[in-house]
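Chemist: Note that the protein sequences, when read in sequence, are chains A and B. For any residue, its number in the numbering used here is found by taking its place in the first sequence, counting from 1, and adding 855. For any residue, its number in the numbering used here is found by taking its place in the second sequence, counting from 1, and adding 855.
Read the hints as simulated data drawn from the structure, not as lab findings. A couple of the hints might just be wrong.
Derived BS3-like pairs: lysine-lysine, alpha-carbon spacing no greater than 25 Å straight-line [stated by the list, open to error]: (1) Lys947(A) with Lys867(A); (2) Lys867(A) with Lys917(B); (3) Lys952(A) with Lys985(A); (4) Lys985(B) with Lys947(B); (5) Lys991(A) with Lys947(A); (6) Lys917(A) with Lys985(B).
Just so you have them, the derived chain B footprint on chain A, three or more residues with Cβ under 8 Å [as the list claims (entries may be wrong)]: (7) 858-871; (8) 889-899; (9) 922-928; (10) 970-979.
Some chain A residues judged to face chain B by a derived CB distance under 7 Å, without partners named [claimed, not checked]: (11) Leu943; (12) Thr1004; (13) Arg1011; (14) Thr1012.
Here the structure is a predicted model, which means the values were calculated and not measured. Even for Gly, the Cβ is constructed at its ideal location relative to N, Cα and C.
2 protein chains.
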Amino acid sequence: MRHVISALVRNKPGVLARVAGLFSARGFNIESLAVGETEDPDVSRMTVVVPGDDAILEQVRKQLSKLVDTIRVQDFRDTPCVVRDLMLVKVKTTSAKRTEVCTIAEVFGANILDMAEKAVILELTGDQDKLARFVKMLNPFGIVEMMRTGRVAMARTE
Amino acid sequence: MRHVISALVRNKPGVLARVAGLFSARGFNIESLAVGETEDPDVSRMTVVVPGDDAILEQVRKQLSKLVDTIRVQDFRDTPCVVRDLMLVKVKTTSAKRTEVCTIAEVFGANILDMAEKAVILELTGDQDKLARFVKMLNPFGIVEMMRTGRVAMARTE
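Taking the hints into account, I'd like the entire structure generated from these sequences.
Modeler: What follows is the structure, given as structure tokens:
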């Protein structure tokens, strides 16, 4: 089981170290972490994905809430939400295989960011399942490099 | 000036705490941080964006390289690369304004992830400039919530 937890924190030096220290001291695993800007330049949002049961989620929530620079903690257990991750993937291509790779990209709604003789860079956003299926389709061509931003989540509007 | 630094690190508990501690102890600011999966399940990629001059970049590179769990550090100062960030933004809409918001989304190549009576959730990927221009166009409608994953970078193929 995986939980997505999102914390609004003050944009100050040392905040990330405190959050990371908290996770490390308690042995909480982190599957992905995204720290990015929000609508307020003084506030960052950290979105953490942690594997574990509801007890782990409760502990992480509580510990995060206790930090002085935390403004708000939100989990999405009971909230309808969109969860998205951005993946960049560099795939080997030859002139014979290029069209096939581009067709797969098109079907998945991926963007082609770079094309060279020997490889293309594709960009795809989506949930875990979609990204996994995309990687599976590209594997036979040869994946040179793959990276993901880590997930972010936003509650749907009621 | 901003630098994008990417580190491949072993996927172990405590690695993030060590990296964050290093930044905090030396007073390096972090503008964004993305920690996500790679093609190897035992390896994560951390992409850090740090403001500062070339001396700062050199220091960050060196310090990161010294950590035992670091496999490789890469900066993109002299490398042609693609840099992307994923943004989710919830925008207020009324039935009168909805079409206008959707047209802006279409022009920017944004995806509409959720639509309700009072708000829509849009998703856009791109570089800093594009995301900033998108936010500027949406501001007059009322931004309820905005979040970004933090940037990731990939070298173009030669």
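Chemist: Hint by hint, say whether it matches the structure.
Modeler: Hint by hint, here is what the structure shows:
In summary, the hint linking Lys947(A) to Lys867(A) is not supported, as the alpha carbons are separated by about 41 Å, beyond the 25 Å threshold. This hinted pair checks out: Lys867(A) and Lys917(B) have alpha carbons roughly 23 Å apart, not beyond 25 Å. A threshold of 25 Å between alpha carbons decides the hint, and for Lys952(A) with Lys985(A) the separation of about 22 Å falls inside it, so the pair holds. A C-alpha spacing of about 21 Å is found between Lys985(B) and Lys947(B), which places the hinted pair at or below 25 Å, so the restraint holds.
As the CA atoms of Lys991(A) and Lys947(A) are separated by approximately 14 Å, the hinted pair is consistent with the 25 Å bound. For the hint pairing Lys917(A) with Lys985(B), the CA-to-CA distance comes to about 37 Å; that exceeds 25 Å, so the pair is violated. Here the segment 858-871 of chain A counts 4 residues with a CB under 8 Å from a CB of chain B, which clears the bar of 3, and the coverage holds. Coverage of the segment 889-899 of chain A by chain B holds [criterion: at least 3 residues with CB-CB distance below 8 Å; count 6].
Judged by the Cβ-Cβ criterion of 8 Å, the segment 922-928 of chain A is not covered by chain B as claimed, because only 0 of its residues qualify and three are needed. As drawn, the segment 970-979 of chain A meets chain B at 7 residues by the rule of a beta-carbon pair under 8 Å; at three or more, the given contact holds. With a cut of 7 Å, the hint placing Leu943(A) at the interface with chain B holds, because the nearest CB-to-CB distance is about 5 Å. The interface hint given for Thr1004(A) is met, as the beta carbon of that residue sits about 4 Å from the closest beta carbon of chain B, less than 7 Å.
Hint status for Arg1011(A) relative to chain B: holds, with the closest Cβ pair at about 5 Å, below 7 Å. Look at Thr1012(A): its Cβ gets to within about 4 Å of chain B, closer than 7 Å, so that hint holds up.
When held up to the earlier numbered hints, the structure conflicts with 1, 6, 9 and fits the remainder.
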